[in-house]
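Taken in sequence, the protein lines are chains A and B.
Mapping of the first sequence onto the numbering used here: residues 1 to 114, in sequence order.
Mapping of the second sequence onto the numbering used here: residues 1 to 112, in sequence order.
Incorrect hints may have been included.
[As the list claims (entries may be wrong)] Partial chain B-side listing against chain A, Cβ under 8 Å, derived:
1. 42
2. 44
3. 45
4. 46
5. 95
6. 96
7. 99
8. 103
9. 104
10. 105
Calculated from the structure, these hints are not laboratory results.
C-beta: ideal position from N, C-alpha, C; glycine also.
One letter stands for each residue in the lines below.
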Amino acid sequence: NAGVMQNPRHLVRRRGQEARLRCSPMKGHSHVYWYRQLPEEGLKFMVYLQKENIIDESGMPKERFSAEFPKEGPSILRIQQVVRGDSAAYFCASSPRGGFTEAFFGQGTRLTVV
Amino acid sequence: QQQVKQSPQSLIVQKGGISIINCAYENTAFDYFPWYQQFPGKGPALLIAIRPDVSEKKEGRFTISFNKSAKQFSLHIMDSQPGDSATYFCAASLGGGNKLTFGTGTQLKVEL
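Isolated chain B, as found in the complex (with noise of 0.2 Å):
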């Protein structure tokens, strides 16, 4: 009932491509849906996150799709580049707060 499912575990995009992860929650009171990119050997940083009122938040060359009837959120990265590559996490929780249920990560390269 508290997963979050993400997939793929891992993703090769060329420069210039568009990146998709793909995400999907059980807990339909889940209300507040972040996606976090991890550096190697550092903290999580928020990138974008969504409320289930909207269904598509854009920031930059990243944007957020949301799916309330099928329980799914899915993180678009336009235009991607090498500086992109990073592990991707989605995330959801209750009441906005901050006890984050994570997937289990993305490991995007993008390639020249």
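So here's chain A without its partners, still in its complex pose (with noise of 0.2 Å):
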């Protein structure tokens, strides 16, 4: 059973340009987490997905940045109009379900803005 995959590991955009990052699930696992890990901090949550719906954005800047899962394919996390301070490392989970259930982390997209 594969683990939740990311894809690519390491994305390099220029400015202005479009950042699509690609989380493919465990088997199994209908609910998506992305978050963004910034350097020397935490991880912030960003949205929760779950199969066609968006069940929570809070943590999404309110533009550039939209989040999808559709019935078919891997969630997308895509950025339009890179900025600097759009480097990150984003990271997605997920879970089976909701409420007290583990949810598994991928092993991240790295995002360098030059």
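Got two chains here, each in a separate frame; can you build the complex from them with the hints?
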């Protein structure tokens, strides 16, 4: 049973370009969470999705950021018109359900904006 | 109200010693308190978790102590080993969910 798969592992984008980060949850997991980790900081919650639904996007910046988790395929975190401040590690986690259940994290995508 | 404060920022412990990391929270509605371990280049992995109806939980060399009245919880690593060298994060959430509020992390180094 493969773990949570994130790709790419490293992504370099120039200012103004778009970044697409993919997350394939563990088999049987229908809940996905995205977190951002800035250098020397803890992880910050961004968004919580179930298949085809955004459950909680209270941590998402109001502009340029969007997320989806379609019926088929991976969850996508999309950052439009990237700026240097978007440089960070982006982690996704998945769980089989909500509530008191462990979420498993992927290895992250390290985004560098140049 | 949603913060979780973690200390120390870094910690050096001799092999065989006890590592202690502390966290404090503000939101009394939090009801799930996990600890995560993260190695460089990897994602966080759940180490141990506690709910506020118990004051202590032990799993192997790892123990969480929880003080509800003080709104504090701590991780104790007994007989610390070089392989325990990692960054440790405390976290908290509502309803046991995985919308987690993380502390800022503690870099632990266990020396021989």
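Against the structure, the hints come out as follows:
Evaluation of the residue 42 of chain B hint against chain A yields a held restraint, the C-beta minimum of about 6 Å falling below 8 Å. Taking 8 Å as the C-beta contact cut-off toward chain A, the hint placing residue 44 of chain B at the interface holds, the least distance being around 5 Å. A cut of 8 Å between beta carbons decides the hint on residue 45 of chain B: the least distance to chain A is about 7 Å, and the hint holds. With a cut of 8 Å, the hint placing residue 46 of chain B at the interface with chain A holds, because the nearest CB-to-CB distance is about 5 Å.
Given hint, residue 95 of chain B at the interface with chain A, holds; its Cβ is 6 Å from that chain's nearest Cβ, closer than 8 Å. Here the hint on residue 96 of chain B is kept, as its CB sits about 3 Å from the closest CB of chain A, short of 8 Å. The beta carbon of residue 99 of chain B is positioned within 8 Å of a beta carbon in chain A (closest approach about 5 Å), and the interface hint is therefore held. With a cut of 8 Å, the hint placing residue 103 of chain B at the interface with chain A holds, because the nearest CB-to-CB distance is about 6 Å.
With its C-beta approaching chain A no nearer than about 5 Å, residue 104 of chain B sits inside the 8 Å limit, and its interface hint holds. Because the closest C-beta pair between residue 105 of chain B and chain A is about 5 Å apart, less than 8 Å, the hint holds.
When the structure is compared with the earlier hints, no violation turns up for any of them.
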